[in-house]
Amino acid sequence: MADFTADDILKKVQRSEKVERADLRGINLARAVLEGTSFARSDLDGANLEGAKLKRTNFKNASLREAYLAGADLSQANLDNADLEGANLERALLVGANLSRANLEGANLAGANLTGAKLAYAQLESASLGGADLSGAHISHAELEECDLSGARLRKADLSNSNLRGANIEEADMSEAVLSNAQLSETRARGVKLAKASLLKANLSGSVLANADLTGVDARDANLTKAVLNGAVLTGAKVAGVISSEASFSNIRADWLDTSAEGDGSRRVPADKVAAVFSKQGPIEPTEGVANRRYFGKGDVLRNASLEFDAGAFVEIESLFEQCTISLGSGTELVVGKKGVLSDCQIKGGGSITINGHFFEKQSPGIIGAEQVVVSAGGALVGAVEQPPHSTRFAFEPGCKLRMKILQAKKTNGEGRRDNG
Amino acid sequence: MDNHKNGDLGGKRTLVEEGTQFKGSLSSSCPIVVKGRIDGDVSAPSLQVSGTGAVHGKVKVGMIESEGELSGEFDADVVQLSGVVKDKTVVRAKSLEVKLAPANGKMQVVFGECMLDVGEMPSKDTAISSSRESDSVPANGLMLEANGRNGSGETAKDVLPGLSADSLGDDPRKAKSAPPPKRA
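Quick mapping for you: the protein sequence lines, in order, are chains A and B.
Note that the first sequence ends on residue 433 in our numbering; no numbers are left out.
Note that the second sequence ends on residue 680 in our numbering; no numbers are left out.
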């Protein structure tokens, strides 16, 4: 026999009284307005709270097993250590809610909004979180084994030290999420977005990450044994210490990999050597790859110089270069920093050029044969770019300034003159 | 393409359907969507060219979003490009966006011989003075001159022998970088 009827509860709420340690099993409070009430340590097993207004309500240590909370507003609610096993929280609003140490085993949270929620040490085994929004949520040390996170949004969520073994994270957006030391073995992760996420020391053995976006991911010391990464994008991934034995990397896309121990881009492996990095047995050595990093600091001035950079080098210029000629080897990356200015200069060769600062040509064409030219939002390019025979890959960000001509690959006639036909 | 970006909120729009070829001047107060081909002058709030579409001529619009073929003169506030830009094309815009294609993937935009005038004219003098006014200029800021008058005149191989990050100013990120992670 329950301690209170629904009417009793509503009257107590109107009088701002607490309803703590009460037996409220099976009570029907659907769509009731109970905001700010304390149900701490109460037994609400099987209660119907569908669509209820429960903002900032206190359910600390309460039991809500098999409770029906679909569409309820639990924003900022305190569910610390609450027992929600098998509860239905479909489409519930849990923005900023405290679910630390809560038991959500087998709970249905599909489509729920959990942005900024606290779920540290929560038990979410076999829970359904498909399509849920967990952006910025704190889910460290949580148990998420076999749970469904397909299509969920987890941007910038903290899942460090969590256990997601066998979970479904297909098509989930985990960009910039923290998954360091997380257990992700045997996960189904097709098409997952992990751009700029931290997978430091994470265990992804046996996971299926086909067509995943791993751009700029920090996977240092991660375990990818027997993982499937076919068709994944790995440009800029930090991979020092990665174990990739028996993993599958067919049709991956990676313009370069970062093999530096610090993950600072100081050791880069160009696209044509990426396959070799993953084909070796044992952890990827931090010393492997390209160590040709050159940095020209702010305030320096270099004038009338001819510079050649070896294939695969990484060159960053924050200085003022005047009337210089720069030759880039194949796969060399030249970055003109925000303060960098190349005035009356010329760049030749098949490297990649990123302009965050300024480039002014000396004579036309100012850039010859570049594989890639990127002008970022704050960058400016004044000059002509002569493409190689297979065309340059261009990218321009909104906000860039251009006064540029794009020219086709130079065809020479018998007299060595440019043939514009 | 996202029609909402063009201010086309499901309202009226002028559609040149696939298989249709239009020759002459086209002026519209509605956004224009081209899946076929236009040869001539175009004036409208926005122009959307699909992957099957082509516009050849003089175009003056608020926004261009193209996945198709462009040729001629294009004036717009905002331009988003993929597809093909043919020879002798001029694009003038306040803002241009071309996304980077993956190294081994399909080219985002194939440019012929063309001109791009985007944003304000960059000022060389301002850029140089800004570079010199750097907030982290070392007290002994380095100046190198390598020419036939007072240098060897030889080509510097791989950043002039002996020159590296250490000698040309510290990389600020280097100083901030964390120690290598410990092995598990």
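Incorrect hints may have been included.
Label-pair ranges, simulated between beta-carbon atoms [said to hold, decoys possible]: (1) A:Q293 - B:G547: 51 to 57 Å; (2) A:S291 - B:Q517: 50 to 56 Å; (3) B:V586 - A:Q335: 25 to 31 Å; (4) A:Q375 - B:K590: 55 to 61 Å.
Subject to a maximum C-alpha distance of 27 Å in a straight line, what follows is the list of computed DSS-like cross-link-like pairs (lysine-lysine) [to be verified]: (5) A:K285 - B:K590; (6) A:K350 - B:K590; (7) B:K556 - A:K422; (8) A:K374 - B:K556; (9) A:K417 - B:K590.
Non-contacting residues of chain B with respect to chain A, defined by C-beta distances greater than 10 Å in every case (computed) [what the hints assert, rightly or not]: (10) G515; (11) Q517; (12) F518; (13) D535; (14) S539; (15) P541; (16) S546; (17) G553; (18) D571; (19) K595; (20) G608; (21) P618; (22) K620; (23) A623; (24) R628.
It is worth saying that the hints were derived from the structure and are not from the lab.
All values reported here derive from a predicted model rather than from experimental measurement.
Using N, Cα and C, we set each Cβ at its ideal position, and we do this for glycine too.
So, going through the hints one by one against the coordinates:
| no. | hint | in the structure |
| --- | --- | --- |
| 1 | A:Q293 - B:G547: 51 to 57 Å | violated (45 Å) |
| 2 | A:S291 - B:Q517: 50 to 56 Å | holds (52 Å) |
| 3 | B:V586 - A:Q335: 25 to 31 Å | holds (29 Å) |
| 4 | A:Q375 - B:K590: 55 to 61 Å | violated (29 Å) |
| 5 | A:K285 - B:K590 | violated (39 Å) |
| 6 | A:K350 - B:K590 | holds (20 Å) |
| 7 | B:K556 - A:K422 | violated (32 Å) |
| 8 | A:K374 - B:K556 | violated (32 Å) |
| 9 | A:K417 - B:K590 | holds (17 Å) |
| 10 | G515 | holds (29 Å) |
| 11 | Q517 | holds (27 Å) |
| 12 | F518 | holds (28 Å) |
| 13 | D535 | holds (23 Å) |
| 14 | S539 | holds (23 Å) |
| 15 | P541 | holds (19 Å) |
| 16 | S546 | holds (21 Å) |
| 17 | G553 | holds (20 Å) |
| 18 | D571 | holds (15 Å) |
| 19 | K595 | violated (6 Å) |
| 20 | G608 | violated (7 Å) |
| 21 | P618 | violated (4 Å) |
| 22 | K620 | violated (5 Å) |
| 23 | A623 | violated (4 Å) |
| 24 | R628 | violated (7 Å) |
The structure does not agree with the numbered hints 1, 4, 5, 7, 8, 19, 20, 21, 22, 23 and 24 stated previously, though it agrees with the rest.
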